[in-house]
Amino acid sequence: MLKKRVLVTGADGFIGSHLVELLLAKDFQVTALAQYNSFNTWGWLESVPKHPNLTIISGDVRDPFFCQKITREIDTIFHLAALIAIPYSYSAPQSYVATNINGTLNLCQAALENQVSRFIHTSTSEVYGTAQYVPIDEKHPLQAQSPYSASKIGADAMAMSYYNAFNLPLSIARPFNTYGPRQSARAIIPTIISQIANGEKQIKLGDLTPTRDFNYVGDTCRGFLAIAESDQAIGEVVNIGSNFEISMADTLNLIKEIMQSDVEFISDEERIRPSKSEVFRLWCDNKKIQTLSEFTPAYSIKQGLTATVNWFLKPENLRLYKHDIYNL
Numbered sequence: 001m002l003k004k005r006v007l008v009t010g011a012d013g014f015i016g017s018h019l020v021e022l023l024l025a026k027d028f029q030v031t032a033l034a035q036y037n038s039f040n041t042w043g044w045l046e047s048v049p050k051h052p053n054l055t056i057i058s059g060d061v062r063d064p065f066f067c068q069k070i071t072r073e074i075d076t077i078f079h080l081a082a083l084i085a086i087p088y089s090y091s092a093p094q095s096y097v098a099t100n101i102n103g104t105l106n107l108c109q110a111a112l113e114n115q116v117s118r119f120i121h122t123s124t125s126e127v128y129g130t131a132q133y134v135p136i137d138e139k140h141p142l143q144a145q146s147p148y149s150a151s152k153i154g155a156d157a158m159a160m161s162y163y164n165a166f167n168l169p170l171s172i173a174r175p176f177n178t179y180g181p182r183q184s185a186r187a188i189i190p191t192i193i194s195q196i197a198n199g200e201k202q203i204k205l206g207d208l209t210p211t212r213d214f215n216y217v218g219d220t221c222r223g224f225l226a227i228a229e230s231d232q233a234i235g236e237v238v239n240i241g242s243n244f245e246i247s248m249a250d251t252l253n254l255i256k257e258i259m260q261s262d263v264e265f266i267s268d269e270e271r272i273r274p275s276k277s278e279v280f281r282l283w284c285d286n287k288k289i290q291t292l293s294e295f296t297p298a299y300s301i302k303q304g305l306t307a308t309v310n311w312f313l314k315p316e317n318l319r320l321y322k323h324d325i326y327n328l
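When the letters of the sequence shown are read in order and numbered with UniProt numbering, they come out as residues 1 to 328.
No lab work stands behind these hints, which were simulated from the structure alone. Beta carbons are placed, not taken as given, at the ideal position from N, Cα and C, and that holds for glycine. There are no misleading hints in this set.
Taking lysine to any residue pairs in the SDA-like style, the calculated list, with each CA pair at most 20 Å apart, reads:
no., residue 1, residue 2
1, Lys-288, Ala-226
2, Lys-302, Ile-258
3, Lys-201, Val-309
4, Lys-4, Glu-229
5, Lys-26, Thr-296
6, Lys-256, Tyr-299
7, Lys-204, Asn-253
8, Lys-139, Glu-245
9, Lys-276, Pro-210
10, Lys-256, Asp-207
11, Lys-302, Ile-255
12, Lys-26, Asn-53
13, Lys-204, Met-248
14, Lys-139, Asn-243
15, Lys-314, Gln-303
16, Lys-50, Gln-35
17, Lys-302, Asn-253
18, Lys-322, Glu-46
19, Lys-201, Asp-324
20, Lys-314, Ser-47
21, Lys-276, Gln-143
22, Lys-69, Asn-37
23, Lys-4, Ile-234
24, Lys-256, Arg-186
25, Lys-204, Glu-264
26, Lys-4, Ile-57
27, Lys-302, Arg-222
28, Lys-69, Gln-115
29, Lys-139, Val-237
30, Lys-302, Glu-245
31, Lys-302, Ser-261
With beta-carbon atoms standing in for the labels, derived distance ranges:
no., residue 1, residue 2, range
32, Ala-144, Gln-290, 22 to 30 Å
33, Lys-139, Glu-46, 35 to 43 Å
34, Ile-57, Ser-117, 19 to 27 Å
35, Arg-5, Phe-280, 40 to 48 Å
36, Ala-144, Gly-199, 34 to 42 Å
37, Ala-165, Gln-232, 14 to 22 Å
Use the sequences and the hints to build the structure in full.
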């Protein structure tokens, strides 16, 4: 059984905050790391109800001394802290190396020295690039099609080196495209929902032909926990996905249907990736995680989108989004 003292980095983010809630529901003692800021805000952890088993700390994984401190007396680390916005990585690639690669190095070294029992490192399906074959299994070649994906390939390699060189009990969780309540407006699904909810009749978008394997955030978090609880997953890369492929256009039309909207989608050059950087096809082969654990996705795409729409339609949630600004 997974031991109970857990550290979640990137806990103030979209997936991280949902993972914290799942772990608390499973009776873990959770230390949740939010990125330090002078406003003393905790990101999406502000939405997580107070809990006696939850301790929130602020800091930065780019500092090795801080990583040493926070990993003491921790049994399991879920490392989600990362810069993830692809468009911003075109403008600020060095910051992605500092956070994603160096931050991972700092945490792996700290985990090793503090004898952490399990380390779950978060990857991304973006490391695969455009599919060379489908569905994409864990043996698919890695392709650096953006500075973001390059930094995650580097971070994955750094993490795995600590398993190979030092026997750090580490697994790499590789989720495909996650969506749901609290997702940043830089992603396409919350962008569409928030604009429709605010009464927009035309929405500017990039290329709608790429396909994705979309996963509701609750399923992604259950995948993380399933990997952490599987001893067979140590030293392995494990996809988390639904094994269901859908185009961006079909996804957006499904949102229109759920929201009963007649919104028009128009192309915006600013939102189109450079041609060699666009990932045109992602479709997850999830056989490995099903072999290593009892994980199966619980939400269909329509069920997940409906739950997401219902969350955004609450006024207290919708007003948190600047729907009229293009968010990198």
